[in-house]
Amino acid sequence: MKSQAKHTYSLTLLLFVVGFGLFFYRHLALDVPLSENKSVNSWTVEANLKFTAERDRPVQARFMIPNSPAHFVILDEYFVSQNYGVMTNLRGNNREAVWSLRRSTGPQSLYYRAIFREADAQSVSNLKSSYPKKQQLPDNQKAAVETIIKHARASSADIQTFAQSTIQILNQEDGNAKLLVEGDMSDKARVDALIKILAEAKIEAMPIQGVYLKQENRAQMKWYLTVYNGNQWLFINPQTGVVGLPKHFLIWTYGQNTLFEVSGGQKPSFSLSVSPTPMNALSVAKMRGLQAESKLMRFSLLELPVHIQETYKILLMIPLGAFIILLLRNWVGLKTFGTFMPVLIALAFRETDLIWGIVLFSTIVALGLLVRFYLDELRLLLVPRLNLILSVVIMVMLFISVISQNLNLSSGLSVALFPMIILTMTIERMCITWDERGALEALSLGAGSLFAAVCTYLVMNIRAISYLLFAFPELLLVLMAVTLWFGQYKGYRLTELFRFKALSGA
Amino acid sequence: MLSMARRLKQAGVLGINHRNSAYALKYNPRKQYPLVDDKLKTKTLLSACGVPVPKLYARISAEHQLKQLSQRLHNLDDFVVKPAHGAGGDGILVITNRIYERFRLANGTLLTLDDLAYHISCLLAGSCSLGGHPDEVLIEKRVITDDAFASISHEGVPDIRIITLLGYPAMGMLRLPTRASSGKANLHQGAMGVGINLCTGRTQGGVIHQEAIDYHPDTLNATRDFKVPFWTDILKMAASAYELTGLGYLGVDIVLDKDEGPLMLELNARPGLNIQIANRCGLLKRFQQIEAYAEHGADKKNAPNVLERVAFSRTLDRPSEEDKPSEVVTPPHECVELP
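Top line first, the protein sequences correspond to chains A and B.
All residue numbers in the first sequence are consecutive under my numbering, ending with 507.
All residue numbers in the second sequence are consecutive under my numbering, ending with 320.
Keep in mind that the hints were calculated from the coordinates and are not lab data.
We put the beta carbon where it would ideally sit given N, CA and C, even for glycine.
Don't take each hint at face value.
Claimed, not checked - Keeping only pairs whose Cα atoms sit at most 27 Å apart, straight-line, the calculated DSSO-like set for lysine-lysine is: (1) B/K7 x A/K491; (2) A/K7 x B/K7; (3) A/K491 x B/K12; (4) A/K189 x A/K143; (5) B/K(-10) x A/K502; (6) B/K7 x A/K336; (7) A/K7 x B/K12.
What the hints assert, rightly or not - The following label-pair restraints were derived from C-beta to C-beta distances: (8) A/L414 x B/H55: 55 to 61 Å; (9) A/L371 x B/A203: 44 to 50 Å; (10) B/I194 x A/F25: 55 to 61 Å; (11) B/S2 x A/L371: 39 to 45 Å; (12) A/P420 x B/A284: 48 to 54 Å; (13) B/H190 x A/L371: 26 to 32 Å; (14) A/I395 x B/R83: 54 to 60 Å; (15) A/F341 x B/K12: 23 to 29 Å; (16) A/F499 x B/S51: 48 to 54 Å; (17) A/S363 x B/A284: 52 to 58 Å; (18) A/D436 x B/K12: 29 to 35 Å; (19) A/S363 x B/R83: 35 to 41 Å; (20) A/Q489 x B/E82: 56 to 62 Å.
As the list claims (entries may be wrong) - Calculated from the model, a selection of chain A residues having no Cβ within reach of chain B, i.e. all distances over 10 Å: (21) L180; (22) L345; (23) E475.
All chains should be modelled from the sequences, with the hints used to inform the complete structure.
Rendered as structure tokens:
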């Protein structure tokens, strides 16, 4: 007996740990949300390349597309074009989409659309350095670069501060700086100048192009700078010298590469648009799971067809309802017709609403009882009698439906979802109880069943719980553990306190 | 609420959850249940082992046998109809005599042969059996109440319920039919339960539903200090059921027939807990004493026989003051007495 108790408790503990373990893993690592309406900030970015195709020449267009950008996760991407073949290639740190077509004429439009989800900061690793070849600078520029390097060295301690003070020197816009940027203080010219200077100082650096994600129809590519300090790549704002990548900055491409190339086309133009698209957190988690090839996500209910999912949403609630029955019977001592009959009635209540459900249930049972009492006079055998009651129950349901249709009461229609076999058995058993134990006992059993059904319904109807069980079916293991634990209860039932009152010595 | 639960616990009252997990599930192997759930099997088993039971007149197991019902009942004036798998006294008809081709029930209702046949056919279809399975019907001898009980019973036959654990009688109660229970001896139907002192076989206070009462509600005769005849035989009979059925936790129902003395009526593998109210004493302490004795006190090699077990059981209860048998040692008694 003792080892049996040990067995039970260790099983309880195991179920508990495994259930909660899976739950927390899926919530924390796979981001399955805890509540149904949680949405995740995500952005749709659309890149559009337009050009006019030349007659009878094969067309090949390529443009850079983001490759696992920092701060973001690509949830989904689409390539939209007419007749073009599309390929994506990895080129260095970048990814490019290559569109090709044997021949075409007229204006062409190629779209790349991707949905980005904000993610927790990820460090950008594995950037291949594209150490810029030392450029042969004109003499005047060379002198300017050397002057700037000298100044910057004097006022810096390491690579990061060197890069920052270089930016400050450029910002002073003195003669040397102007010479280097050739009078053009745009971001691109600055970044080019910075790269030149850093290359001269033997520091690895790369330009970055990207967009700030905010609602914009015509988003501009912005330039940024990344510098390798020997350990990691630092992101530095070329304007201000601030280190760190802004949260909303989507890195589009690294390095000097041009953003797009078109061969066989003329007048190419490239535009970007950005729009926020809040997405349901659960579907985001699903997409991520699919991309990550996570086994735990793959074996998820979300993979099932939608109508099967709906079925499981309901089925997963049944063990919970049964648990309520456990509490009501073993802890409270409530008496009901049949063990799980109230759960099934409660399921029907989900469709009919509570008040209507109670009214319909009572009506059907009352009418069924009347018929059953009448049938008693005919002295039928059990099975034919049950068949007749079943038919009557269905006819009563039909009658209620038709009547409520004519009265425009839509709730009455849902009566069809009542479990008629269960109702039939309830009527039969209630009638027998009525005969043998008296009306009081029968009615109190009926009321007990109805009460249990209402309690079960109220719990099963809590949306948050129903969502949790659906998104985390492993919580059923926890429920099993709790059932095992509560099922050990050997104490008095609530009703027994009154039953044995005389023995309490009070 | 909690203090009530604590007081009940102190009084050693056994709750249903505890009964199921610690006694019914532990001592009663599922395999043996049919022996007691099927009254026909019980009867066959008991009479084969020489335990006195009410005589079986006929068994009806199929609908077509009802055609010969009148032949079968030909020379029977009084008899009892009961389903083999009934529970709680449901479906039992007691026919006391015949009046002009009609059967008279204990409560005076007259039934025609057709009424009777319909009732039996309902029973055959399983209307009163556990789980609604098709059933068989027994027609057996009607037990005539022993004169000893005549003054404190109404209509039906009083019976004696003994709860045994591992073959040790643990508690006994006399169940007296009342008008409210329409002659049935089931407590939840309103029969009166009267506790019996295990040691002496004398009745103690009684209870109807949850109410303590010391006289029979219909005859108004006192039910206290009533000596149950054949008490030792009854205890022995109850104790012997353990070996016959292999069920450790049993409710044994015994009736006293005017002519034949104690007869074993039926056995119950899930006896109710109302007996505690009738005795105004919890079962738990007695069960623990029995378990402890069976574990350590008794001689392991040759398990105690019926007599030894009955002797031990008698020590569980304190004999009332007025007739204390000298040979019985009284253990410290911990039952709660009502004021």
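> Using the C-beta atoms of A/I395 and B/R83, is the stated range 54 to 60 Å upheld?
Replying inline: Since A/I395 and B/R83 have Cβ atoms about 40 Å apart, the given range 54 to 60 Å is violated.
> Taking the CB of A/F341 and the CB of B/K12, does the distance hold inside 23 to 29 Å?
Replying inline: 26 Å, holds
> Does the structure keep B/K(-10) and A/K502 at a Cα separation of 27 Å or less?
Replying inline: 12 Å, holds
> A/L345: least C-beta distance to chain B exceeds 10 Å?
Replying inline: A/L345 clear of chain B: closest Cβ-Cβ about 18 Å, beyond 10 Å.
>> 52 to 58 Å was suggested as the range; check whether the CB atoms of A/S363 and B/A284 agree with it.
In response: This hint holds: roughly 57 Å between Cβ atoms.
>> Verify the CB-CB distance for A/L371 and B/A203 against the hinted window 44 to 50 Å.
In response: The hinted range 44 to 50 Å holds for A/L371 and B/A203, with Cβ atoms some 46 Å apart.
> Measuring from beta carbon to beta carbon, are A/Q489 and B/E82 in 56 to 62 Å?
Replying inline: 59 Å, holds
> Are A/K7 and B/K12 close enough, with their CA atoms no more than 27 Å apart?
Replying inline: Holds, because 25 Å separates the two Cα atoms, which is no more than 27 Å.
>> Hinted pair, alpha-carbon criterion (27 Å max): B/K7, A/K491. Please report holds or violated.
In response: 13 Å, holds
> A/S363 and B/R83, beta-carbon distance inside 35 to 41 Å?
Replying inline: Holds, at about 40 Å.
> Do the beta carbons of A/L414 and B/H55 sit within 55 to 61 Å of each other?
Replying inline: 59 Å, holds
>> Quick check on a hinted range of 55 to 61 Å for B/I194 and A/F25, using CB atoms only.
In response: Given a distance of about 60 Å, which is inside 55 to 61 Å, the answer is holds.
Comparing the model with each numbered hint stated earlier shows that hint 14 is the single one that does not hold.
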